[in-house]
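The primary structure of each chain is shown beneath.
There are 2 protein chains.
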Amino acid sequence: MSRTDVNTLGEFGLIEHLTRTFKKRQPTTVLGVGDDAAIIETGGNEQIVVSTDMLVEGIHFDFAYTPLKHLGYKAVAVNVSDICAMNARPQQITVSIAISNRFSVEALDEFYAGIYAACENYGVDLVGGDTTSSNKGLYISVTAIGRAPKGRITRRSGAKVGDLVCITGHLGSAYLGLQLLEREKQVFLANPNMQPEMKPEHKDLYAAILRPEARTDMVDLFAKNNIVPTSMIDISDGLASEIIHICKASGVGAIIEEGNVPIKQEAQVQAIDFGMDPITCALSGGEDYELLFTIDPKDVEKIRFLPDLYISGEIVAAEDGIKLHTTGGNIHEITAQGWNHFEG
Amino acid sequence: MSRTDVNTLGEFGLIEHLTRTFKKRQPTTVLGVGDDAAIIETGGNEQIVVSTDMLVEGIHFDFAYTPLKHLGYKAVAVNVSDICAMNARPQQITVSIAISNRFSVEALDEFYAGIYAACENYGVDLVGGDTTSSNKGLYISVTAIGRAPKGRITRRSGAKVGDLVCITGHLGSAYLGLQLLEREKQVFLANPNMQPEMKPEHKDLYAAILRPEARTDMVDLFAKNNIVPTSMIDISDGLASEIIHICKASGVGAIIEEGNVPIKQEAQVQAIDFGMDPITCALSGGEDYELLFTIDPKDVEKIRFLPDLYISGEIVAAEDGIKLHTTGGNIHEITAQGWNHFEG
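Here the protein sequences come in this chain order: A and B.
Going by full-length UniProt numbering, 223 is the number at position 223 of the first sequence; the sequence numbering is gapless.
Going by full-length UniProt numbering, 223 is the number at position 223 of the second sequence; the sequence numbering is gapless.
Some hints could be false.
No copy is singled out in the list; a pair is fine if it fits within one copy or between any two copies.
Cut-off 30 Å, straight-line C-alpha distance, at most; resulting in silico cross-link-like pairs (DSBU-like, lysine-lysine) [what the hints assert, rightly or not]:
no.	residue 1	residue 2
1	Lys150	Lys302
2	Lys136	Lys69
3	Lys69	Lys24
4	Lys150	Lys185
5	Lys185	Lys136
6	Lys150	Lys24
7	Lys23	Lys150
8	Lys224	Lys23
Derived by calculation from the structure, the hints in this document are not laboratory data.
Note that this is a predicted model, so its numbers are computed, not measured.
Model the full assembly from the supplied sequences, consistent with the hints where possible.
Structure below.
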């Protein structure tokens with residue numbers, strides 16, 4: 001039998017390959033694999049959305065600098081973020097864990113304290129899960145369930161030429177926070193007597209990677225201002241990867257204005273300190289868990305003055321490609337260089 | 001900080017401990033942690049049930065004798081079984097996997113062929129999931145979603161004194177199949193030149209452990225015959241553990257008649273061959289994925305002649321305990337000795 005390495009397909013290629021033969025059988029399945037969440041018909045006025053994620057020690061998190069409580073919070077937040085990306089409100093989660101015998105009840109209490117804090121903050125109920133042992137390390141699988149009125153659910157596939165491309169919050173901070181933590185870890189590994197140095201001025205960068213927030217506030221803001229984005233995705237793998245997803249699903253292209261991509265001052269400073277271009281951190285870094293969405297230009301007045309929302313580009317025809325218009329006036333093609341958990 | 005080993009609490013004690021402080025916030029959450037599945041209100045005539053399970057290589061399955069296709073099938077079946085235990089029909093699943101680089105695309109194709117076969121057999125749609133890498137081994141997390149009209153959903157907690165205790169199918173076969181496979185594995189490990197001997201007469205025992213079926217047919221049978229069990233659970237950890245769950249949740253006791261516990265002829269023969277009592281395999285073995293349920297005695301005529309259904313006992317008052325009435329005329333207390341994945 002031939003042997004094809006999974007790395008040759010990449011994460012999205014692999015999912016596409018493995019699920020390509022699956023058919024839709026149930027009329028209640030409105031949307032299956034391929035968006036931030038599946039959509040399920042309820043028979044009532046609302047539809048249910050379901051998303052699931054797996055987090056693996058040594059791949060997605062490193063206990064050298066990840067407090068268990070933050071990890072519990074983040075495991076919930078990243079799944080809630082997928083529900084937000086559908087413009088739905090999260091309501092229930094299940095949490096399954098596989099743990100090695102290295103973990104004590106007290107350690108798990110810390111982890112669940114983080115889950116509890118996230119449940120409280122996002123108003124979701126923990127309704128199920130599974131606990132089992134692992135041979136090595138911690139494995140976390142969270143499923144989030146949300147709902148929204150039928151007409152409000154937003155997919156990746158609805159962007160149209162002329163739509164405005166918008167971003168919530170700020171990008172690149174999580175990536176730079178991770179680089180700082182990794183640097184401190186290397187210093188510590190080289191000399192265990194050196195205490196890791198967590199500088200106060202990097203507080204927001206550390207928080208971005210260790211304790212991200214899902215943008216449930218944006219879902220509320222859209223509802224309050226009577227906005228339904230034409231397409232939406234959460235920014236987990238970097239802006240480049242996500243705008244490509246939207247363009248591919250919608251059959252369009254996009255032009256992003258570098259100058260209008262929101263990047264915090266401290267992230268800009270830190271990027272330059274690392275010898276990196278800040279826009280590269282926004283495009284190719286990951287784990288920001290902000291929302292990338294498009295709106296019909298007729299809605300522009302509705303969002304122009306909303307807080308923490310940035311109009312960063314425009315949807316163009318597919319044949320015009322997916323491009324970055326730099327502050328220097330150049331045009332670059334945007335290629336996917338997001339996280340690939342199968343590499344390295 | 002003190003350190004309490006997770007083994008001291010056991011799987012159910014640990015879940016209870018970790019989730020004890022969690023509150024219900026959403027009015028759509030009808031039932032949370034503590035049954036085979038959570039129950040969620042839809043706003044329509046039906047309710048949704050959600051269950052999730054994690055399967056870990058080396059803990060729940062062993063590639064020395066588990067074909068990947070069977071494993072894919074089983075991963076779906078055991079979750080569908082939890083949906084059946086709520087008297088609901090499965091409709092959607094999500095499948096997340098963490099894999100080491102030992103797995104090729106071809107190996108995953110085999111695994112997903114099993115998932116596909118199960119989806120086809122149970123009529124469920126694969127609507128989402130996640131694929132990531134693991135440091136070692138295969139981790140599988142499946143979430144199943146089902147639905148049923150509100151009045152038909154069956155919990156563990158509804159058994160009443162005088163109800164009949166019923167079992168579908170046959171018990172103990174999966175446990176004995178596992179023992180046979182483990183014995184062949186040991187022979188092979190001792191002498192790699194010895195081919196494992198899969199005797200044709202053990203076919204059903206191997207199938208019980210390697211490719212169990214969820215009893216969706218029973219959910220259909222109940223609906224067709226206008227039966228709503230008063231309580232139900234699926235038998236994943238052995239009859240003893242499950243009847244204790246029902247009794248504890250319902251605040252009752254039970255008496256099980258040894259002579260009326262269904263055990264296949266070949267399982268009886270094999271148990272004796274291993275020097276074991278067949279009823280012990282039924283009580284303390286696991287992974288049969290049959291249904292244990294109780295019915296109101298007024299429904300007895302409805303089920304008396306249904307296929308593959310056995311009336312095996314009666315619900316009694318809590319103070320009368322949970323007992324086994326042996327064929328020899330003795331009365332034994334039933335204690336939980338089901339699988340404990342944290343041991344060994």
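Results of checking the hints against the structure:
Taking the shortest alpha-carbon separations for Lys150 and Lys302, only the intra-copy value of 21 Å comes in at or below 30 Å, while the best inter-copy value is 41 Å. With identical chains, the CA atoms of Lys136 and Lys69 are at most 30 Å apart both within one copy (20 Å) and between copies (25 Å). Proximity of Lys69 to Lys24 under the C-alpha cut-off of 30 Å is restricted to the inter-copy arrangement: shortest distance 21 Å between copies versus 39 Å within a copy. For the homomeric pair Lys150 and Lys185, neither the shortest alpha-carbon distance inside one copy (47 Å) nor that between copies (54 Å) is at most 30 Å.
Taking the shortest alpha-carbon separations for Lys185 and Lys136, both the intra-copy value of 21 Å and the inter-copy value of 23 Å come in at or below 30 Å. In this assembly of identical chains, Lys150 and Lys24 lie within 30 Å of each other by CA distance both inside one copy and across copies; the values are 20 Å within and 25 Å between. Taking the closest pair of Cα atoms, Lys23 and Lys150 come within 30 Å of each other both inside a single copy (23 Å) and across two copies (28 Å). Within a single copy, Lys224 and Lys23 get their C-alpha atoms only as close as 37 Å, which misses the 30 Å cut-off; across copies the closest is 28 Å, which meets it.
When held up to the earlier numbered hints, the structure conflicts with hint 4 and nothing else.
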